[in-house]
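Chemist: Residues per chain, in single letters:
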Amino acid sequence: MAGRIPLVLLACGSFNPITHQHMRLFELARDHMHQTGLYHVVGGIVSPVGDDYGKRGLVASKHRLAMARLALQSSDWVSVDDWESKLEDWTETVVTMRYHYDRIAAQYHSSKDLPTVSEVPQLKLLCGADFMDTFKVPGLWRDDHVEEVVGRFGLVCVSRGSLQPDRAIHESDLLSRHRQSIFLVREWVHNEISATEVRRALRRGQSVKYLLPDSVIDYIREHNLYTQDSEMKNKDVKLRPLTKQTIQD
Amino acid sequence: MAGRIPLVLLACGSFNPITHQHMRLFELARDHMHQTGLYRVVGGIVSPVGDNYGKQGLVVSKHRLAMARLALQSSDWVSVDDWESQQADWTETVVTMRYHYDHIAAQYHNSKDPLTASDVPQLKLLCGADFMDTFKVPGLWRDDHVEEVVGRFGLVCVSRGSLQPDRAIHESDLLSRHRQRIFLVREWVHNEISATEVRRALRRGQSVKYLLPDSVIDYIREHNLYTQDSEMMNKEVKLRPLTMQTIQD
Numbered sequence: 001m002a003g004r005i006p007l008v009l010l011a012c013g014s015f016n017p018i019t020h021q022h023m024r025l026f027e028l029a030r031d032h033m034h035q036t037g038l039y040h041v042v043g044g045i046v047s048p049v050g051d052d053y054g055k056r057g058l059v060a061s062k063h064r065l066a067m068a069r070l071a072l073q074s075s076d077w078v079s080v081d082d083w084e085s086k087l088e089d090w091t092e093t094v095v096t097m098r099y100h101y102d103r104i105a106a107q108y109h110s111s112k113d114l115p116t117v118s119e120v121p122q123l124k125l126l127c128g129a130d131f132m133d134t135f136k137v138p139g140l141w142r143d144d145h146v147e148e149v150v151g152r153f154g155l156v157c158v159s160r161g162s163l164q165p166d167r168a169i170h171e172s173d174l175l176s177r178h179r180q181s182i183f184l185v186r187e188w189v190h191n192e193i194s195a196t197e198v199r200r201a202l203r204r205g206q207s208v209k210y211l212l213p214d215s216v217i218d219y220i221r222e223h224n225l226y227t228q229d230s231e232m233k234n235k236d237v238k239l240r241p242l243t244k245q246t247i248q249d
Numbered sequence: 001m002a003g004r005i006p007l008v009l010l011a012c013g014s015f016n017p018i019t020h021q022h023m024r025l026f027e028l029a030r031d032h033m034h035q036t037g038l039y040r041v042v043g044g045i046v047s048p049v050g051d052n053y054g055k056q057g058l059v060v061s062k063h064r065l066a067m068a069r070l071a072l073q074s075s076d077w078v079s080v081d082d083w084e085s086q087q088a089d090w091t092e093t094v095v096t097m098r099y100h101y102d103h104i105a106a107q108y109h110n111s112k113d114p115l116t117a118s119d120v121p122q123l124k125l126l127c128g129a130d131f132m133d134t135f136k137v138p139g140l141w142r143d144d145h146v147e148e149v150v151g152r153f154g155l156v157c158v159s160r161g162s163l164q165p166d167r168a169i170h171e172s173d174l175l176s177r178h179r180q181r182i183f184l185v186r187e188w189v190h191n192e193i194s195a196t197e198v199r200r201a202l203r204r205g206q207s208v209k210y211l212l213p214d215s216v217i218d219y220i221r222e223h224n225l226y227t228q229d230s231e232m233m234n235k236e237v238k239l240r241p242l243t244m245q246t247i248q249d
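Chains as they are written, first to last, in UniProt numbering: chain C, 1 to 249; chain Z, 1 to 249.
Next up, chain C with everything else stripped away, as it sits in the complex (with noise of 0.2 Å):
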């Protein structure tokens, strides 16, 4: 792959639990990219949320961080950082994404012996077409962000079941502008394991088994993982990024 491109894919998000589906983004994208004959994937990174994200039914961030290495390791290109998630506060996606660039950037000048890598790799944002969704909450991300994590950086967005990515482009001037930076992949393999309804599964007894590895299933039973209680978590709190930030910034 010479001459190409060096690319890590980033996601974040609630990883609660990781699924089959999570991972299977990272695979996505990594396959699409290469595709485009441009980029040569050299890293993923799982990135889970901090705890005061406030997300109705989010567990500790110690055991996301947990289910997430055993889901990965019979990965030899992805794995978790747990940067994000020891953060005082939620933190934004532009400002974890600021961290593993430059953390990725000194990696590549400090060492000289990367054959593989030509130039510093570039960080992209992978995310599920829903994430595209959420540019037009109020409030929820601040427009100089935006411009950040799409035109400096970039978005691999894996298109799911019949959310339609580019609609969201379509309606958002910011976006469009970006449009050259933002890779939309097309799952074929309807494969929508939404861990809201592993949770879901979980809570009534049922069983997940072959939608998340056995490794994950066994951890969330002998921790007690996801009950009607964990569900009810953040119940009457606002997410963070809500009250965090102002719409006029």
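Possibly wrong hints are sitting among the right ones.
Said to hold, decoys possible - Here are the computed lysine to aspartate or glutamate pairs in the EDC-like style, where the Cα-Cα straight-line distance is at most 16 Å:
1) K209/Z / E187/C
2) K238/C / D52/C
3) K62/C / D81/C
4) K136/C / E147/C
5) K209/C / D214/Z
6) K55/C / D89/C
7) K209/Z / D31/C
8) K209/Z / D76/C
9) K209/C / D76/Z
10) K209/Z / D214/C
11) K209/C / E187/Z
12) K209/C / D173/Z
13) K136/Z / D173/Z
14) K86/C / D31/C
For the record, the hints were derived by calculation from the structure and aren't laboratory data. A quick note: this is a predicted structure, and the numbers were derived from the prediction, not measured.
Starting from the known structure of chain C, arrange chain Z on it as the hints suggest.
Modeler: Then chain Z, alone, in the frame of chain C:
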């Protein structure tokens, strides 16, 4: 689970290759049958079809059996059976069911262990919603066979995505007559891992990781199973049931 009817679930199909979706059918069906309060599922059988079926892209049963065994290593109640695939010619579903029923009944009568089962276990055919539609393909099923498969044994049908098994039942007088022998299981997690899509991805050198177990993927690569050539297998061949059976029977 005292007083419940012991039940074994049998899935017939190509398993070309087996995927997580196939294995999910068993898990979903077991949960559903338990929830009726009437049954206790005591076993599951995967019975890959014989090579004489003549389906396009069907790889030899030796491989399909090996992959299914690898995939089911982590299951404590579902196993693979090669009887059907070892028969000289393609075997009607009802014949396979009779074989397994007699086999299970014989085991029951021989073993006098009163702890495991109170009656002879029932045997039901486990299938996806697309299977229900096959009943109306001319020449594919004999009426008396459908009577026996559905009326004598019974079906557990897991609905896949947008396919509507109720409609297939409604549009068939025969199926409608045996409505109480058909258990419909709704799959809320949209997990349509079609083996056709998996083969397509493999042909194109794309990743299928997390759609099937790693052990099965390794096996496929080792034996270079799914290629342009393998998909051409049986291209001009008619499905065996259509040549074996005549419409007026």
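Chemist: State for each hint whether it applies.
Modeler: Do the hints match the structure? See the list:
At roughly 14 Å between alpha-carbon atoms, K209/Z and E187/C fall within 16 Å of each other, so this suggested pair holds. Restraint check for K238/C and D52/C: the C-alpha separation of about 10 Å stays at or below 16 Å, so the hint holds. For the suggested pair K62/C and D81/C, the alpha carbons sit about 12 Å apart, so the restraint of at most 16 Å is met. A C-alpha spacing of about 14 Å is found between K136/C and E147/C, which places the hinted pair at or below 16 Å, so the restraint holds.
A threshold of 16 Å between alpha carbons decides the hint, and for K209/C with D214/Z the separation of about 15 Å falls inside it, so the pair holds. For the hint linking K55/C to D89/C, the alpha-carbon distance of about 13 Å falls within 16 Å, and the restraint holds. A hinted pair counts as satisfied when its Cα atoms are at most 16 Å apart, and K209/Z with D31/C qualifies at roughly 12 Å. For the hint pairing K209/Z with D76/C, the CA-to-CA distance comes to about 12 Å; that is within 16 Å, so the pair holds.
A distance of roughly 12 Å separates the Cα atoms of K209/C and D76/Z; the hinted pair therefore holds under the 16 Å criterion. With a C-alpha separation of about 15 Å, the suggested pair K209/Z and D214/C falls inside the 16 Å cut-off, and the hint holds. At roughly 14 Å between alpha-carbon atoms, K209/C and E187/Z fall within 16 Å of each other, so this suggested pair holds. Restraint check for K209/C and D173/Z: the C-alpha separation of about 36 Å exceeds 16 Å, so the hint is violated.
Annotation: proposed proximity of K136/Z to D173/Z holds, straight-line Cα distance about 11 Å (limit 16 Å). Restraint check for K86/C and D31/C: not satisfied, since their Cα atoms lie roughly 31 Å apart, outside the 16 Å limit.
Consistency with the previously given hints fails for numbers 12, 14, ordered from lowest to highest.
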